[in-house]
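With these hints in hand, go ahead and build the complete structure from the sequences.
Listed in order, the protein sequences are those of chains A and B.
Residue numbering for the first sequence follows the numbering used here, starting at 1 and increasing by one per position.
Residue numbering for the second sequence follows the numbering used here, starting at 1001 and increasing by one per position.
One or more hints might be untrue.
[To be verified] Derived CB-CB ranges, DEER-like:
id, chain 1, residue 1, chain 2, residue 2, range
1, B, A1035, A, V22, 23 to 33 Å
2, B, R1214, A, L88, 43 to 53 Å
3, A, F14, B, A1098, 34 to 44 Å
4, B, L1088, A, T47, 51 to 61 Å
5, B, W1018, A, T47, 47 to 57 Å
6, A, Q99, B, E1109, 51 to 61 Å
7, A, F14, B, V1022, 52 to 62 Å
8, B, V1022, A, I21, 55 to 65 Å
9, A, H477, B, A1035, 52 to 62 Å
10, B, W1018, A, A206, 53 to 63 Å
11, B, E1109, A, Y150, 47 to 57 Å
12, A, C25, B, R1214, 24 to 34 Å
13, A, I21, B, E1109, 39 to 49 Å
[As the list claims (entries may be wrong)] Here are the simulated SDA-like cross-link-like pairs (lysine to any residue), alpha carbons at most 25 Å apart as the crow flies:
id, chain 1, residue 1, chain 2, residue 2
14, A, K207, B, P1055
15, A, K207, B, S1076
16, A, K539, A, G472
17, B, K1194, A, R402
18, B, K1194, A, V18
19, B, K1194, A, G20
20, B, K1194, A, I19
21, A, K207, A, R15
22, B, K1086, B, S1076
[What the hints assert, rightly or not] Partial selection, computed: residues in chain A whose CB lies under 8 Å from chain B:
id, residue
23, R15
24, L26
25, L34
26, E347
27, S350
28, A383
Since the hints were derived computationally from the structure, they do not count as laboratory data.
Keep in mind it's a predicted model, so treat the numbers as computed, not measured.
By construction, the Cβ of each residue, glycine as well, lies at the ideal position given by its N, Cα and C atoms.
Here are the chains, one letter per residue:
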Amino acid sequence: MASNGPAADERQGFRLYVIGIVAVCLVAGLFARLWYLQVLESEELQTAAATNILRVVYTEAPRGRIFDASGRILVDNRVVQVVTVDRLAFRAALGESEQQDVLLELAEIISRSGRLTKVRHIEERLASLEFGPFDKVPVAFDIDPDLLVYLGERPDLFPGVSVEERTVRSYPYGELAAHLLGYVGPLTQPEYRAQSAQIDPTDPDAKTYQPGDEIGKSGIERIFENELRGVPGVRVFEVNRLDEIVKVHDDKGRQPIPGSDVHLTIDLDIQSLLERELRRGLDEARRQEPPAESPDTPDFVASSGAAVAIDPRDGSILAMASFPTFDPRDFVNGISQRQFNELTAQENFSPILNRAIQGLYPPGSTFKVVTAYAAITQGVIGADASSLIGVDEFYNDTGTYRYPFCLEESDTCLFDSPYCCERGVDLRDAITVSSDTYFYRLAGEGFFRRRTPLDEGIQESARAFGLGTQTGVPLPHERAGVVPDRDYYDFQYDQGVFLRGGDQWFAGDTINLAIGQGNLLTTPLQVANVYASLASEGKIHQPNIAVKITDRNGEILEEFGPRLLRELEWTAEIATPLLDGMNGVTAYNLPSSSGGEALLQGTAYEAFNLPGAGGVNFPLAAWPVAGKTGTAEKQGKADFAWFAAFGPASWPERGYRHTPEVVVAMVLEEAGFGGDVAAPAVARVLLPIATDTVGRARTAREVDVCYAEVKQLASFLEGVRTGEIKVDSDGVPLSETRPELSEDCSELVGGEEAVERRGLDALL
Amino acid sequence: MTSTATEPARRKASPDPWWLLVDPFLILSALATAAMGAVLVYSATRGVVGDFTEPSTEFLERQALFIVMGVVAGASAVFVPPRLMKTLYPLVYLTMIAALWLVLQVGVEVSGTRGWFSLGPFRMQPSEPGKLVVIIGLALLLAPRGKEAGIRRVLLALLMAAAPIALLLLQPDLGTTLVYLVIALVMVIVSGIKARWIVLLAIIAVAGTVGVYRSDALAEYQEARLRVYLFASDVSDESASYAFNVEQAQIAIGNGGLRGQGLFQGTQTRSDLVPQQQTDFIFTVAGEELGLRGASLLLGLLAVLLFRVWRTAQLASTPFERLMCTGIFAMLLFQTFQSVGMTMGMMPVTGIPLPLVSYGGSSMLTTMASLGLVAGVYRRRLDIEGMLGAQQ
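Structure representation (structure tokens):
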């Protein structure tokens, strides 16, 4: 250092100090500014940051479509215009009283454009809790596209209000198969959590959900949610705090991928037929006169019922109907709580319920074939020494059965049969005429007493047929039903429901069970499945409803074949009396070789042979129908009418051999005797199937058009009847032309005669 | 400095113990700053909201490689004797000039500046090591042996520095140019020239700045940036999005508050709202995600580093070494103040990396090498007339 000269050296040191001080000032300045930004200004800047972000907008992909077996679209999508309100922006911009005025004006504008909207409805929507605070709440759907321009140009008048396009479900066939298809609705918080927990966050093709997205709530829509749901599209915007888009990140966006299509086993034509006949069966049940001999019997309410059609060869469900029904179109634009409550209300007979899988009914006499199967396979009926009775052996049915081992002589030892007369019956006849006492005796002296007091042979067979457990049909909320036994009594006693437990299972319990009463509970689908296994030589299938899943291009992603669960023991010894007996139900039994009785008419004879008595003229020789009526009693209510049948059935007695193609089971609640009301309805379902004349299912649009035509014709006919419209002697009107039905409509309602006879009901 | 004068006799007898030869504060603060920077680079580059891919570690891995290379370069620089620097200097200087010229011909352009060589997967910015070359050159010219630098030497030194600056303005790279100017200014002042020359120099600097601004030498975007800084109200169309960036950077830092949003949790950072976040705007990541505490820690580490460089300048045994440390100090100080100050709206936006923190190999290697040179000066501080350097 010395070499640099002391003066220069000192100056350098001093200047270095000066630079050091400048540096300290600069660094202190940085710290001060940091303090200012992060402590003093922090709150304001944090607010700015919250509103100043990369906004990721998800667009829901169109859901997959649902097809019937022949490829007709049952559920489709369509694009609608939706008016939405951003509640935060709306409330921030307007005072309490202004809000009212603006909503009123909004309702008026929407109503004027053709979609009637009440202010109250909009307010309900805005108050709804199903939407998050940042969601845009849809208040009116399916509006005129012109409103898009109108509202879009007036953000000052309608702050927070915008018009967007949304894809919603459309139902070309209206209410048809509503229960089966189910409906969609906005995702709830618990559903959102449940779905989000299942999603793999690293999967770029994950079917993620956003609050308010559509999710299947019931039926096919729910069970195939994962398949029907598409991969949402993503758009990424950079927005400033004024919500103006600063930049669009196309590279981070993605187009939505539509969901997969589901193809059902359902035959739309049979579905339409089954629903129509179920409804008509209920209508006719309601019109029955109460029996003259007992005027205090409960009314035929007949407001609800269910029916199922299955292909017994593979367990495919061809049709499934439940009444009362609902219109899935009501859910499309979001359903109000009030409307939804109406769909679930008991007094409306809970239209939302799919009674075919969720309704629990005592199967009544339709169960007798199961008891008969149990009796034959377990030796209660047979040629053995230990058997109670031979297959062809006659039992004298007097209408009352007295249990011989009764401890006390009391009423509980006597079991009456409500519909009977005195006659001798063997097993075949007991099924044909539905003899209660024959089965009482099988249960009492056969199962309960003769074997062991703990015998539960009937329950074993019932379970083997799949009762008491879910059939496993791919539909949500299926109920298992109940096959009562001692364990069940114990359980219910422990729960405090029953007054006695399994140790007090009496002969009467087994006797009631034998005719499908007591605490036995089944769903219509279970009963249909029992008859499907009778039709298919003991094969128990898991009922199938979906054939395959395909992508948008029709490429098959997944196929569902028939699922055979098990095969029951099945021999000619078992089949012959059952099939003969069941065939006799729709016809009559030839005099038995051993009996020598007169012809025994089956319980559904009228329904299949006498058009004059409300039945049809069924070609039984070409297409035999084996079936069984059922009349389940329910305390304080009219009987529940059952009929379960299949065809074309083999009929050993007459030497007919067929492979059954369809099973139909139907139950009509509080409707009366099974043979009187349920059997004719099933006969009307089976006849077109047997003769291959099932009418084409009509779309909602076609039905609407036809409805207008029928209405016109009906009012014309009414006018003629009352004399308001003058006609000449040939029935040709003098002043106006007679309205005519189009060919298509005429085919649907069954011609003008049907309108003349049934009026508007012809369309049902 | 006076205390060291009494010791050389003992020092000759036995070599100095190693702990007197290294400055632990310099080394530790440099390594800690670099490590913290790597984490911030990772946070800034791991992907944005709505990106469904795995967090990217590409930048993190590269930055780690740069740090390792930088440490090697720095450690080597410790043992370069001043004599060797002097001997090799003309060659090194010409190489730099050639590189700066060549980059104008074959370099790749990044956001309007043609300043990078493309070397396979990496890019190299010759103006970064150029800073160090200019610092050594100025130190050599301004600290002549045995006498004070006269006005001719000062002018020669400025001319030497002007050549690379002119080439930089052709890229054009205003930010790095400013670094060169500040280095030259500080080194000339500290070299001990008379006060009147300093006043003259200041006048020339102001006139030059205005001249550059008035002329067409500045690219339009640079002019816009300056306008936003100088006259905040003047918001023309093209400067609007730029003003937006400046605002976003401050919002990001303010959003951190006292505790920060948490590492990798910054909404501004993850939303990709702040530009150049792994390089020039890296401080916003620290501000948003680590909050006042973390950002202060980073600034504190840089302050310790700066203090140790300044202190080494004080302790330097020769005027050349002192001036070299001063130049390095000026470089680091200005880059830190500019880069951090810009994110907080205290300085106009120019593309200058935050030393040791910003992503980039050229900057990392240059900074580490310069700190190595400083460590070398520290190591030789007890040696008069470069004896230790001579022994090696």
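Practice task
Against the structure, test the hints numbered earlier, and report the numbers of the ones violated in rising order.
Solution key: Violated hints (numbers, rising): 7, 8, 15, 17, 21, 26, 27, 28; every other hint is consistent with the structure.
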